Every structure is written in C-alpha cells, then in structure tokens.
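Chemist: Can you build the whole structure from these sequences, using the hints too?
Taken in sequence, the protein lines are chains A and B. Take 1 as the starting number for the first sequence in my numbering and just add one per residue. Take 1 as the starting number for the second sequence in my numbering and just add one per residue.
No wet-lab data here; the hints were simulated from the structure. Just so it is clear, the structure is predicted and the values come from calculations on it, not from any experiment. Warning: the hint list may mix true and false statements.
To be verified - Per the computed footprint, the stretches of chain A lying under chain B, defined by three or more beta-carbons under 8 Å from a beta-carbon of chain B, are:
no.: 1; stretch: 76–89
no.: 2; stretch: 99–113
no.: 3; stretch: 117–129
Backbone N, C-alpha and C fix where the C-beta goes; we use that ideal spot for every residue, glycine too.
Okay, here's what each chain looks like letter by letter:
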Amino acid sequence: MFEISSTSIEEYKNKSFVTPECGGVVTFEGRVRNHNEGQSVESLEYEVYDVLALKEGEKILKETKGKFDILDAFCVHRVGHLQIGDLAVWIAVTSKHRRDAFRACEFIIDEVKKTVPIWKKEHYADKSIDSKWVFCEEDHRH
Amino acid sequence: MKINIKYFASLREQANKSEEIIETTYAKPSEIYNELKKKYNFSLELNELKVAVNDCYEDFNYEMKEMDTLVYIPPVAGG
Chain A
1 MFEISSTSIE EYKNKSFVTP ECGGVVTFEG RVRNHNEGQS VESLEYEVYD VLALKEGEKI
61 LKETKGKFDI LDAFCVHRVG HLQIGDLAVW IAVTSKHRRD AFRACEFIID EVKKTVPIWK
121 KEHYADKSID SKWVFCEEDH RH
Chain B
1 MKINIKYFAS LREQANKSEE IIETTYAKPS EIYNELKKKY NFSLELNELK VAVNDCYEDF
61 NYEMKEMDTL VYIPPVAGG
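Modeler: What follows is the structure, given as structure tokens:
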C-alpha cells in the first residue's frame, strides 16, 4: 500500500508486516538533511498532486512485487513543511530471503523519486538566497 | 472549449493560482502549454514537463475534451 500523509509518519515505524513465511524485513527512512549542493538547508516544503501520486505509488509497489521475490511492500510519503531530521519517506519490504528485500526497497525509492508527482522546495539558512524548487538533475529531462 | 487546469509547485507560484478554467481554441496539451507559458511567463520548457489529463499521465498530443482536467507536471522530487 502507498500512502501520503500531511502529519508526522514516525508512528509507521511501529507497524509490523511480519507473517510466518517472512524471513527478512528491509526498511528505509528518508529524512530531511541540513545541506544540499553546498548550501545550508533550513527546511523543506513538500507539495503533492495527491490523486495521481497515490495511483503512481500503487503502480510502483505492484511493479516491485512482480519484479522481485518479496511478500509485501509498503511506502508512506510525508508532505507539508518539514524541518531538519524529519522523516519524509518510509518504506518497508518483507520477503522470504534478504536479497530481494534489499533490492526491492532500493527500487521503490528510486522509482518514487522518478515518477510520483511530489515536489520539494528548499529554504536556505542564508536568507539572501531565494528558496527554490529542486529536483534530481539527471532525471528531470524527458 | 473550456479546460480545467491545476497548477503545482513552480507553475502554481508563477501563475499565482492553483486552479482555473480557461477557454482555448487549442486541443493538445502542448499547444495549450505554449499559450499559458506566454500568459504567465512560465520558466519551464515543455521538454521539462510531463502532462496528466483527468488524473492519468498522457502524452502532449492527447486530444482534450470539454472540461477535461489538465495538469502540467514539473520535474518531480519525492524522497
């Protein structure tokens, strides 16, 4: 399942996806860091096109289950104005064996960054620098 | 033809609105974007965007119909 949340997603870390056939659980936490490309970052503002984001997110999880030998996959993405250290995205993958869970978890975060309509604006500690919408340079031209 | 347009991120800021209904003589998202780019002085070029119609990704040659909802997707940055 793919979810979007406008409030803290820390509590998702307590969720258990473990079933009797599960031999491994891999989770990923994406957090707001205090720097990007040489600039000191003060906070991040995430914006979402929610209907399409939920559709695309579910599509990624479905594709992940077809591509890797895993039992289940879950992803939640936070939106709104986040501070340094805040949890922005959390992913959990369960599998019988560890290797596919690691690969699937990395695949999910890579795909979320590429196709889910979520944007982020960086606000800088140096107020003489205008806040700006950022993106992964290598992925953004189609 | 009337088209419902939603704006996000940099496009929302440059248009200074999140949504509007426009009247256009064009039917393709590529043509409509060129019209809007001139109107709002959008900084993003067409080849930097994706497009969604009625909440599904489509291509820029999609034939729009009356009151379809059109969204131009600036480069995404989740995670």
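Chemist: Name the hints, by number, that the structure is in violation of.
Modeler: none
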